[in-house]
Amino acid sequence: MTGNRTRSKGWLAAVPLLAFIALIFGVPLLVLLGGTFTRDGSVSAANLTESLQGAYLTALLGSVKISTVVAVVGAVLGTFLAQAVVTSRFRALREAVLTASGVLANFGGVPLAFAWIATLGNSGVVTQALGLSDHGWNLYNFWGLTLVYLYFSIPLMVLTVVPALDGLKPQWREAAQNNGANTWQFWRWVGIPVLGPTLLGGFVLLFGGSFAAYATAKAMVGGSVPLVTLQIDAALSGNVLIGHENVALALSLDMIVIAGVVMAIYLPLQKRSARWLR
Amino acid sequence: MNGARVEFRGLRRRFGATVALDNLNLTVEPGELIALLGPSGCGKTTALRCLAGFEHPDEGQVLVDDKDVTRVPANRRDAGMVFQSYSLFPNLNVRDNISFGMRVRKVPAARRHERAQELLELIGLPHIGGRYPHQLSGGQQQRVALARAIALEPRVLLLDEPLSALDAKVRVTLREEIRRLQLSLGITTIFVTHDQEEALSMADRVAVLRDGHLEQVADPATLYDRPATPFVAEFVGTMNHLPGTVVGDRVEVLGQSLPIDGPAPSAERVEVLVRPETVLVTPESDGGALVMVSSFRGSTARLRVQLADGTEALADVPGHDALRLAPGTKVRVSLVERPVLVAPGTETGDVRTAVPEPDVV
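Residue numbers (full-length UniProt numbering), protein chains in the order written: chain D, 1 to 278; chain B, 1 to 361.
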């Protein structure tokens, strides 16, 4: 009886949070679902079908491609950098890298695009100084955008993985050595499996960051690199056939589904890792 | 499996300005269990880690069966180790933890698992092979760590305070199991601890370290009864320091004349070192002493008694005497008739203990 009452009070305390979630996530989701499955006033899957065809599909695949490349490269480089920081004997270096990562991981949008354009754009300071244009340098393509996304993704990975690397107990490495294992064998059988879910979590975070990025791409490459966020922008701006405006909502739903699939893989693994590192 | 002979020869190790090992010389005989005992920072763990290969001495050598292993990498040494904190690999189940070393050596899976099961039975946990470390209690984890350490049948077993994170009851059980296993396997074992009770109860010999050097190495009884230095006397067990006067080869203390253990000092005024269990307390209204505090410990009770001259002494009496020797009782204090240790004295008596005495009245 008392237990039930306590549980009821617990739920009561969560009501503001639930109401907030319902308002911020629930209402837009309902609107999005409603719009996706409505065309010309009647229920239809036409928007969803259209969002998975032609230029929309190309943009969706383009976003998945750039997000995957950024996530893989960012996760690998970020992990190596984090490991270097964690094993460094210089405390000040660790603090400096972590502080810089905190700042850079939040550097995005138009200011980031402008910083890169001013530095390595066609008339950028470094481009001009080094004559990079003569060597075929071009910031405004897929790889240029990848580079810019990595600029905030690598620091984000550092911030994500440093606590996990700190959580690797020195005794595990020593116990492995004591059992005859060399460095590679330790990482293969202990280090990477323990860190794996965290690395995957970082990958998901980086993937999500690039997948949802809009302003930087819009300012830098416009429509020259096909991205789903730019297609949504175009659709919302009315750059579609009359009556097809809700394709933008369908594209958003596609993004949610992709993000949902990634999270569905990540969460159970993350739960297991949290138990190990407790 | 049989044990190897281990020798630390002139080991020195510094960490910045801190001297962790200062010319440590110690030999451990094959099959012996030796405890390295000392306060924090005395160098006992550093010595163990030099033997395991996790530390390298600045000077000196580590020899195993007369072979210099000082520069041999940790993963090529024939020594199993159990660590202070839980060191089982969290992503592997118990069976795979125990057989990790065999996996490194490419032993076939079937043989590995068979051996892991043998070891699980040896440590009395035959049914937990499929569990993960986070599903085990602290005591179980350390048992599994012990099984992992002996899985490859090393000739030296290193125990770095393996019981310190466990509760008192589990600690006592596990130390008996470790000793049983060590004796049955005949493996040379070096056990690092700061717990004197653990060291005295488990070890064939105890090496007391202080500031990186060896103060004394002896069997537990000798260490307790015949401490070589004042530090050992105070670190191992509890010692009363009572004022005494040397007369010839005897010393007068508490109105008694007792033989001196060892050569008589030249000074007349000395401190007489006596253990609480050699202090006799009997109720007597004109005995000249007063029970101040009584700490009941079950089979014994520890009394803090104020003597006639105002100094205090600790005495261990049978537990059933605790009631008739309650605080406030006037008593007579005497010493068991046996040779006593003396040290150049101070003017006042004192009680020094390795750990603070809890005053439970």
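Some hints could be false.
Sample of chain D residues with no beta-carbon within 12 angstroms of chain B, all distances over it, derived [said to hold, decoys possible]: (1) 8; (2) 20; (3) 58; (4) 117; (5) 173; (6) 190; (7) 194; (8) 215.
For lysine to aspartate or glutamate, the following EDC-like pairs were computed, each having C-alpha atoms within a straight-line distance of at most 20 angstroms [what the hints assert, rightly or not]: (9) B:330 x B:309; (10) B:67 x B:161; (11) D:169 x B:7; (12) D:169 x B:161; (13) B:67 x B:121; (14) B:67 x B:29.
Since the hints were made in silico from the structure, they are not lab data.
All values reported here derive from a predicted model rather than from experimental measurement.
Using N, Cα and C, we set each Cβ at its ideal position, and we do this for glycine too.
Quiz item: When the hints from earlier in the document are held up against this structure, which numbers fail?
Solution: Violated: hints 5, 6, 7, 10, 11 and 13.
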